[in-house]
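Position chain B relative to chain A; hints supplied.
The primary structure of each chain is shown beneath.
There are 2 protein chains.
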Amino acid sequence: MNQEVFHNRDLLAATESGPADLAPVILARLREGDTASILSYLKGQHPADVANLLANLPSQDASRVLRLLPLEERADVFGYLSMDDQLEIGRALGRREFAKVVSEMSADERADLFNRLPQDQQETLLPALAQAEREDIRKLSSYPEGTAGAVMTSDYATLPPNITAREALEALRLAAPDKETIYNAYVVDAQRRLTGVVSLRDLILAKASAKVADIMDTNVIHARAEDSRADAARLIAKYDLIALPIINGGDALVGIVTQDDAMDVAEEEATKDFHKVGTVGTIATSLKEASIGLLYRKRITWLVVLVFFNIFSGAGLALFQDTIVAHVALVFFLPLLIAGGGNAGAQASTLMVRALATGDVRLADWGQMLARELVVAAALGLTMGLAVATIGVVRGGPEIALVVVATMVLVVITGSLIGMSLPFVLSRFKLDPASASAPLITSIADVAGVLIYLSIATFVLG
Amino acid sequence: MNQEVFHNRDLLAATESGPADLAPVILARLREGDTASILSYLKGQHPADVANLLANLPSQDASRVLRLLPLEERADVFGYLSMDDQLEIGRALGRREFAKVVSEMSADERADLFNRLPQDQQETLLPALAQAEREDIRKLSSYPEGTAGAVMTSDYATLPPNITAREALEALRLAAPDKETIYNAYVVDAQRRLTGVVSLRDLILAKASAKVADIMDTNVIHARAEDSRADAARLIAKYDLIALPIINGGDALVGIVTQDDAMDVAEEEATKDFHKVGTVGTIATSLKEASIGLLYRKRITWLVVLVFFNIFSGAGLALFQDTIVAHVALVFFLPLLIAGGGNAGAQASTLMVRALATGDVRLADWGQMLARELVVAAALGLTMGLAVATIGVVRGGPEIALVVVATMVLVVITGSLIGMSLPFVLSRFKLDPASASAPLITSIADVAGVLIYLSIATFVLG
Numbered sequence: 000m001n002q003e004v005f006h007n008r009d010l011l012a013a014t015e016s017g018p019a020d021l022a023p024v025i026l027a028r029l030r031e032g033d034t035a036s037i038l039s040y041l042k043g044q045h046p047a048d049v050a051n052l053l054a055n056l057p058s059q060d061a062s063r064v065l066r067l068l069p070l071e072e073r074a075d076v077f078g079y080l081s082m083d084d085q086l087e088i089g090r091a092l093g094r095r096e097f098a099k100v101v102s103e104m105s106a107d108e109r110a111d112l113f114n115r116l117p118q119d120q121q122e123t124l125l126p127a128l129a130q131a132e133r134e135d136i137r138k139l140s141s142y143p144e145g146t147a148g149a150v151m152t153s154d155y156a157t158l159p160p161n162i163t164a165r166e167a168l169e170a171l172r173l174a175a176p177d178k179e180t181i182y183n184a185y186v187v188d189a190q191r192r193l194t195g196v197v198s199l200r201d202l203i204l205a206k207a208s209a210k211v212a213d214i215m216d217t218n219v220i221h222a223r224a225e226d227s228r229a230d231a232a233r234l235i236a237k238y239d240l241i242a243l244p245i246i247n248g249g250d251a252l253v254g255i256v257t258q259d260d261a262m263d264v265a266e267e268e269a270t271k272d273f274h275k276v277g278t279v280g281t282i283a284t285s286l287k288e289a290s291i292g293l294l295y296r297k298r299i300t301w302l303v304v305l306v307f308f309n310i311f312s313g314a315g316l317a318l319f320q321d322t323i324v325a326h327v328a329l330v331f332f333l334p335l336l337i338a339g340g341g342n343a344g345a346q347a348s349t350l351m352v353r354a355l356a357t358g359d360v361r362l363a364d365w366g367q368m369l370a371r372e373l374v375v376a377a378a379l380g381l382t383m384g385l386a387v388a389t390i391g392v393v394r395g396g397p398e399i400a401l402v403v404v405a406t407m408v409l410v411v412i413t414g415s416l417i418g419m420s421l422p423f424v425l426s427r428f429k430l431d432p433a434s435a436s437a438p439l440i441t442s443i444a445d446v447a448g449v450l451i452y453l454s455i456a457t458f459v460l461g
Numbered sequence: 000m001n002q003e004v005f006h007n008r009d010l011l012a013a014t015e016s017g018p019a020d021l022a023p024v025i026l027a028r029l030r031e032g033d034t035a036s037i038l039s040y041l042k043g044q045h046p047a048d049v050a051n052l053l054a055n056l057p058s059q060d061a062s063r064v065l066r067l068l069p070l071e072e073r074a075d076v077f078g079y080l081s082m083d084d085q086l087e088i089g090r091a092l093g094r095r096e097f098a099k100v101v102s103e104m105s106a107d108e109r110a111d112l113f114n115r116l117p118q119d120q121q122e123t124l125l126p127a128l129a130q131a132e133r134e135d136i137r138k139l140s141s142y143p144e145g146t147a148g149a150v151m152t153s154d155y156a157t158l159p160p161n162i163t164a165r166e167a168l169e170a171l172r173l174a175a176p177d178k179e180t181i182y183n184a185y186v187v188d189a190q191r192r193l194t195g196v197v198s199l200r201d202l203i204l205a206k207a208s209a210k211v212a213d214i215m216d217t218n219v220i221h222a223r224a225e226d227s228r229a230d231a232a233r234l235i236a237k238y239d240l241i242a243l244p245i246i247n248g249g250d251a252l253v254g255i256v257t258q259d260d261a262m263d264v265a266e267e268e269a270t271k272d273f274h275k276v277g278t279v280g281t282i283a284t285s286l287k288e289a290s291i292g293l294l295y296r297k298r299i300t301w302l303v304v305l306v307f308f309n310i311f312s313g314a315g316l317a318l319f320q321d322t323i324v325a326h327v328a329l330v331f332f333l334p335l336l337i338a339g340g341g342n343a344g345a346q347a348s349t350l351m352v353r354a355l356a357t358g359d360v361r362l363a364d365w366g367q368m369l370a371r372e373l374v375v376a377a378a379l380g381l382t383m384g385l386a387v388a389t390i391g392v393v394r395g396g397p398e399i400a401l402v403v404v405a406t407m408v409l410v411v412i413t414g415s416l417i418g419m420s421l422p423f424v425l426s427r428f429k430l431d432p433a434s435a436s437a438p439l440i441t442s443i444a445d446v447a448g449v450l451i452y453l454s455i456a457t458f459v460l461g
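These protein sequences, in sequence, are chains A and B. First residue of the first sequence? That's 0 in numbering that gives the first Met the number 0, and the numbers climb one at a time after it. First residue of the second sequence? That's 0 in numbering that gives the first Met the number 0, and the numbers climb one at a time after it.
Derived by calculation from the structure, the hints in this document are not laboratory data. Here the structure is a predicted model, which is why all the values come from computation and not from measurement. Do not take every clue at face value.
[Claimed, not checked] In silico DSS-like cross-links for lysine-lysine, where the CA-CA straight-line distance does not exceed 27 Å:
id : chain 1 : residue 1 : chain 2 : residue 2
1  : B       : Lys237    : A       : Lys287
2  : A       : Lys429    : A       : Lys297
3  : A       : Lys206    : B       : Lys297
4  : B       : Lys206    : B       : Lys237
5  : B       : Lys206    : A       : Lys206
6  : A       : Lys178    : B       : Lys297
7  : B       : Lys237    : A       : Lys237
8  : A       : Lys178    : B       : Lys210
9  : A       : Lys178    : A       : Lys138
10 : B       : Lys287    : B       : Lys206
11 : B       : Lys210    : B       : Lys178
[Said to hold, decoys possible] Far from chain B, by Cβ distances over 10 Å, these chain A residues were calculated:
id : residue
12 : Val24
13 : Ser140
14 : Pro397
[Claimed, not checked] Coverage of chain A stretches by chain B, computed from C-beta distances (three or more under 8 Å per stretch; other residues unrestricted):
id : segment
15 : 35 to 47
16 : 146 to 159
17 : 229 to 239
18 : 378 to 388
19 : 419 to 430
The beta-carbon is built from N, C-alpha and C at its ideal position, and this holds for glycine as well.
Bound conformation, chain A alone:
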């Protein structure tokens, strides 16, 4: 068997420690001037792995390794680098070399990078690019972040409707080197309006003399440039598309979003939601590389906001000072009862936030969800109430046990209904449902819990 094939047999294990272990070896070779052995190593590697290696080198050395590669491969590798590494290594490359790499990058990656460059670097870079690329950057950069327009690429293949399958195949063969994908080609009219889509598979299977217009699928799944990138990714996942064509306000084809970009978008969106439900601001960079200052800023706002919610809980307790002093045993059940409502609420909000994000549940389902949640929460509250009833009797006597059980049922129902509803309320007001984070729900449920608990206690115990 060919030895080379199974170089990456333990790829997952190798990348686990690979690039970090490899970096010193590459550095040493670089210092010795042994670029030949570095180059021969790089030749066998996937661009994603080379990018991984570069990210582990100081940027000056990374730029030297990058220069060893042929220009086209340089751009490939560059596209796999994180935005921060692109900026840093780009700076180390020098303006002329950087411009060369940028020219060779795919249109969407180039536009993304350009948007992140500081104004002065943009201005020094622009004149070094060809007219077509400048125009392309201008167009792709014009869509706001988070839209389909901002993640699409303009490297797509188009066909006129009136040519034959044989001519179309020949056209795609000529277009192939410059296009992100040729497996789907988009059929446009003279005004560039999208009239159909044809897959390379269909073209290969069709008779050579068949007209593209007769083979193409006219029911083209597409999105608009101003639609959200999350919606575009959802369409690609739902319809199992290789690429999704994007049209502008005049119905003209302006770009495509490919499946691999959609996967990245879906992962980034899931991470954003994950961070939000943990009350952390979105950390766009790698967590590993995030600075202490960035982490502090992304976490402190919500923590302080929550502190003020918790002050309400304290104020609630102060309101019932007399009851507490008269029955100090009530305090021992406080953590139990307010946590119970918070935990059930956190469960409910987590389920809803995710279901709303994946499109499993829609705003219109609110009523139905609320009714079901009421039944589930009552059952959960009763079970939890019974679980603590004995402790109530033992530690506080039958009267306190009654208070504890009644409170548990009520706080679990209250917490669950708040947790379940808040994502819908946010969604209703066009806010992000993921802001209904577990800690926020817990803090709101805490205030409700304190009031419910001590009201019942005051009523029952006098």
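Coordinates of chain B only, in the frame set by chain A:
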């Protein structure tokens, strides 16, 4: 412009209320026996949308609509149905019709469905399938759930190394109708061992007389059937692959995982993690369709476990009964202080759980992360302590203010370190880091918070 193209212009808006609104219309036509108009409507629809419609019909009616379609389209539509709907509509179709549809399904979807059928239905279905399909199901069903083997399909295209590009293109053209993708073809030797991969794009660009062995890429990114499906999805995302070849213990090619399946896997894994950090068991079905009993079962276990954690908090309070009775003002700061530690801990665990899941952070990074978290947490704790200091002075006097600030700093650091470390500890013992959920961290931080608070209070206030 062709009218039909923009039928789906407002696709996102239409699917929002579409299938639910459409179902009664289709039902009425079905009752009137007007199958012709239903069929003409279905013709223009994507199989995913037809599946969406069927899911909104009673299963008997859904099976009648399905029968209107040609067999191959029936299988396409069937593949887009949820597993539960496949089982229900399959039952309504009757054994013979069901077997026909199952035969036409793609190999991976067929094996998944088969695995979910009750024993007796499996036994009645098997004889109705052809030998090749039975064999295929047996092979694909032999890998445990959660592995790459369990999500792969056997509908892939292979080529021998010694034919020309022209011959390869002809071979792919013949293979196309039965294969999941022909955009990548896998080059295997006589023992079916994977020796290379060649893309359709490369074949089209190559000289007609070039040998496949000379065009193919021998450095094939691949996974093993027993690797986790999440790892397979990560490889596809990392290397932007159209499909990932899967080999068995003998290095023979046994299947491929396609990019659209990887997208589904990534979404399911993210949902599983989401549910776990909200202390909910994995709900494999749609949340909208989940029964009250299922929701109760998936939520009650953790809620009761957490109740017992919270009992420890209560016991901690009881331990310091004398201090509390002497200084009842301490109680008012209790929610504030224990929530502070829990919230900071929930943030830290959320960040780590997600970073470990996406591979951004690895087990080896624990030490570095711990050191950084210590600094961040100290800064967060100080800020939060200062935020509540005034209230401490106003509501409890300077001594209590001192206790409150000191406690806040300590509980935030403690909570953060617990929250940050638990995902690593779980990962270290080969458990799922996502089990370090926000409510679990909050409950552990509560116990620590009570002990720290009242220890400091007892020390300072005597």
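Quick rundown of the hints versus the structure:
no.	hint	in the structure
1	Lys237(B) to Lys287(A)	holds (18 Å)
2	Lys429(A) to Lys297(A)	holds (22 Å)
3	Lys206(A) to Lys297(B)	violated (55 Å)
4	Lys206(B) to Lys237(B)	violated (30 Å)
5	Lys206(B) to Lys206(A)	holds (22 Å)
6	Lys178(A) to Lys297(B)	violated (47 Å)
7	Lys237(B) to Lys237(A)	holds (21 Å)
8	Lys178(A) to Lys210(B)	holds (24 Å)
9	Lys178(A) to Lys138(A)	holds (17 Å)
10	Lys287(B) to Lys206(B)	violated (54 Å)
11	Lys210(B) to Lys178(B)	holds (23 Å)
12	Val24	holds (18 Å)
13	Ser140	holds (23 Å)
14	Pro397	holds (18 Å)
15	35 to 47	holds (count 4)
16	146 to 159	violated (count 0)
17	229 to 239	holds (count 7)
18	378 to 388	holds (count 6)
19	419 to 430	violated (count 0)
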